[in-house]
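Construct all of the structure, not just a fragment, from the sequences and the given hints.
With our numbering as the guide, the letters of the sequence shown map in order to residues 51 to 364.
Worth flagging that the hints you see were computed from the coordinates, not collected in a lab.
Hints should not be assumed to be uniformly reliable.
Listed next, with one range per pair, are the computed distances between beta-carbon atoms [to be verified]:
no. : residue 1 : residue 2 : range
1   : R115      : G310      : 10 to 20 Å
2   : E303      : A222      : 16 to 26 Å
3   : S257      : A222      : 19 to 29 Å
Here are the simulated DSS-like cross-link-like pairs (lysine-lysine), alpha carbons at most 30 Å apart as the crow flies [said to hold, decoys possible]:
no. : residue 1 : residue 2
4   : K251      : K261
5   : K251      : K216
6   : K127      : K216
Note that the coordinates shown come from a computational prediction; the quantities given were computed from them, not determined experimentally.
Every residue, glycine too, gets a C-beta built ideally from N, C-alpha and C.
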Amino acid sequence: MKKISLFLTTISFFSLSQATHAAPDPQLYASSVPYWCVYGSWKEGSIGVGSSSGFDSDYLKIEVRDYILINEPIQVKGDGKYLLNKGDTIYFYDSLAGYRGQKDANTEGNAYLTYTATVQRPLLSYGQMWVMKNLPSVHTGGPVTNPDPVALRPPCSKKDVYFQYKPSVGVATFNANARSAALVYEIDQASKAYRENIPAKITISWSNAGKTGTAATTTVTARQGTVNIPNLQLSMDKGIFTLTAVISDGTYESSPVTIGSIATPCNTGASTVFQVQPNQPTLNPSELCGGYHCPYNVTTIYNGPYPKLQYTCK
Numbered sequence: 051m052k053k054i055s056l057f058l059t060t061i062s063f064f065s066l067s068q069a070t071h072a073a074p075d076p077q078l079y080a081s082s083v084p085y086w087c088v089y090g091s092w093k094e095g096s097i098g099v100g101s102s103s104g105f106d107s108d109y110l111k112i113e114v115r116d117y118i119l120i121n122e123p124i125q126v127k128g129d130g131k132y133l134l135n136k137g138d139t140i141y142f143y144d145s146l147a148g149y150r151g152q153k154d155a156n157t158e159g160n161a162y163l164t165y166t167a168t169v170q171r172p173l174l175s176y177g178q179m180w181v182m183k184n185l186p187s188v189h190t191g192g193p194v195t196n197p198d199p200v201a202l203r204p205p206c207s208k209k210d211v212y213f214q215y216k217p218s219v220g221v222a223t224f225n226a227n228a229r230s231a232a233l234v235y236e237i238d239q240a241s242k243a244y245r246e247n248i249p250a251k252i253t254i255s256w257s258n259a260g261k262t263g264t265a266a267t268t269t270v271t272a273r274q275g276t277v278n279i280p281n282l283q284l285s286m287d288k289g290i291f292t293l294t295a296v297i298s299d300g301t302y303e304s305s306p307v308t309i310g311s312i313a314t315p316c317n318t319g320a321s322t323v324f325q326v327q328p329n330q331p332t333l334n335p336s337e338l339c340g341g342y343h344c345p346y347n348v349t350t351i352y353n354g355p356y357p358k359l360q361y362t363c364k
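In structure tokens, the structure reads:
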């Protein structure tokens, strides 16, 4: 009987030891932001103001932009203290999908996680992101909303964010002869332009044989619609001008869309005679023919030691 009791006691002690040293489960804190989590640096507004200097080893702050783009990689920083927090494990969460991953802090005390914010349930534009440090290896079994003693509440920093899609722009009509275009556009309701009531900016750019420039810019205030853009401005060069458009919502820019092209022919047949003189700059044929890409030839007209040159555009 004593041997059986000793055996059971040993098993119980071993089981308790295993439970006490069990690996932390990050999913325990994934369903919602823990109530003790603070905005900004850990302990800010409660026990004291955390800072990245001094000797408060519980310093932790999440750093991430205000507007998070869906389906594109983002980087989240768990900011800690130089040297003091090296090796601490930082756990990353967001309200789209809960637990996102973990990273150990570097020498500077900072941990970085890059991931793609994909939608795993109906998208709520407004949400939160939070980071936690060194999760406790024990859990009493109480609900996380009213959990274990204060000593078992890991440092936690949170931030309010908006999850959004990229703005978009497309071509409704384009008239090369009139040099005008009508564009359709849309910005997300969670974008900076819409949330902060600032105009979104549409830019039409041109490219011509390696040169680039701006043909027009305009702003829009509605979340979606059509905008007419007349009088597209090109450079004085000749050739084929390809037009593209983008829209910016104050944080993100759409993928460029090709509008069309406008052709301005070279000055074929134009000709001039240039007298060569000592210390005189040569003629720039691009000004004569319509652009540096326009072809030309040069014929020498001999009339003494300083011949004339005849430039003719092809």
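To see whether the hints hold, each was checked on the structure:
In this structure the supplied range 10 to 20 Å is violated for R115 paired with G310, their Cβ-Cβ distance being about 35 Å. The hinted window of 16 to 26 Å between E303 and A222 holds, with their beta carbons roughly 20 Å apart. Taking the beta carbon of each, S257 and A222 are about 22 Å apart, inside 19 to 29 Å as hinted. With a CA separation close to 23 Å, the supplied pair K251 and K261 stays within the 30 Å bound.
This hinted pair checks out: K251 and K216 have alpha carbons roughly 14 Å apart, not beyond 30 Å. With a CA separation close to 23 Å, the supplied pair K127 and K216 stays within the 30 Å bound.
Checked against the numbered hints given earlier, this structure breaks only hint 1.
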